[in-house]
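**Q** Going line by line, the protein sequences match chains X and P.
Going left to right, the first sequence walks through residues 1 to 205 as my numbering numbers them.
Going left to right, the second sequence walks through residues 1 to 169 as my numbering numbers them.
Think of the hints as simulated: they come from the structure by calculation, not from any bench.
Any given hint might turn out to be false.
[As the list claims (entries may be wrong)] Here are a few chain P residues that face chain X, going by a calculated C-beta distance under 7 Å:
no.	residue
1	L4
2	E15
3	E154
4	G157
[As the list claims (entries may be wrong)] From the structure, some residues in chain X lie toward chain P, with a derived Cβ separation under 7 Å:
no.	residue
5	V32
6	D33
7	R78
8	N103
Idealized CB from N, CA, C, for every residue including glycine.
If you want the building blocks of each chain, they are given just below.
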Amino acid sequence: MVMSQRENNCKGLNRQPLDEFEAALAALRPRVDVATTPEAISSCRDDGALLTTCGAPGGHEFVCIHCGSNPPLISPIRRWGWPAAAAVMASLAACLLVMLITNQSTQVAREQPLLATHAVKPAQQIGRAPAKQMVTTVDAASIPRVARRIGERRTVLSAADLDLPGESVASNPNSRRPIAVSYADIETVEAKLTNAALKRRFLSQ
Amino acid sequence: MDGLSPETVTRLWAEHRAALVLYARQWCAWPEDVVQEAFLLLSRQRRSPDNPVGWLFRVVRNRAINAARSNARQSRREAAAAAELLPWFEPSDDDRIDAAAATKALEGLPPDEREAIIARLWGGLSFDEVARLSGVSLSAAYRAYQRGIATLRERLGWSCHNEKTIAKA
């Protein structure tokens, strides 16, 4: 059998005897502070009192650096299940939030031009319904007339009456419901009338 | 192959524990704990290693370096102070080299030279095993050993032809 040169070198180096200095150095006894007996090691081998094995405390899988054992095999479902569920829940919450914000902004857009839009509608309905029966607060033509009644009937129209849709009043012209508006309401309507022709007509009356 | 028997572990413990503690002391301040863990790990192996001594040195080396890294921030000063006060060797009147002087000289060596000397002289490993342990070539391990021995010889005032000199303080 032919030995390689490396093996020859190895044997040659290892066979070199220690000289006196090396022998004197090797004679020094290393200091050991804690006197643990080998019996303690043997007894600990079985019960694992000193060196704990890798476990899963709290149900979490982890790699124990202390004992250096191999990492446990975790199935992909267990590994990615929780992050996937968290991602789905977060995206669902984001969708709900967007829907809520969109819904609110739509409502605000519908409520904002209350009087301005209502002021246009009666103008279109004037020709279809008798003016005297169109007792609606959003009818710009009728507001001064209603205002004149304030001193006679002493009725006060609340702000809610101003929001009555013109169609419902027009469809029920025989309604005896006492209607009046306060001066503040009239001023509000006047201020919010955007139609220049209606405003001129309103002011002239 | 079955694990090591308790008798074998006990024998390894008695023969190599001191050398392993010295080997681990290069890196960490609590080498006894590292060595004890290495022996526990050895005793729990289901298959005994081919070379238990080399296996022990390798485990001790890895764990000592890891322990040194984890404790580097909190106790570097304390460990240095403790290492300065306590020698690495037990003082004895029979020794031809003073323990404190040898400790100081060893500490001053470069890490590769010191590791090769400790593993070779006190661990009894061959140069091939030293090279595998340190992750270097055989010739590099041998050269590191020779350089370290020469440096120690010079620092301890030990001449080649002098059998006994002033190394003792």
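**Q** Now look at each hint and say whether the structure bears it out.
**A** Right, here's what the structure says about each hint:
1. L4: 10 Å, violated
2. E15: Violated - the Cβ of P/E15 stays beyond 7 Å from chain X, reaching only about 11 Å at its closest.
3. E154: Hint on P/E154: violated, closest Cβ of chain X at ~11 Å, above 7 Å.
4. G157: 11 Å, violated
5. V32: Holds - the Cβ of X/V32 comes within 7 Å of chain P, reaching about 5 Å at its closest.
6. D33: 6 Å, holds
7. R78: Result: violated, 27 Å to nearest chain P Cβ.
8. N103: Since the shortest Cβ distance to chain P is 55 Å, the answer is violated.
Going through the hint list in order, the structure does not satisfy hints 1, 2, 3, 4, 7 and 8.
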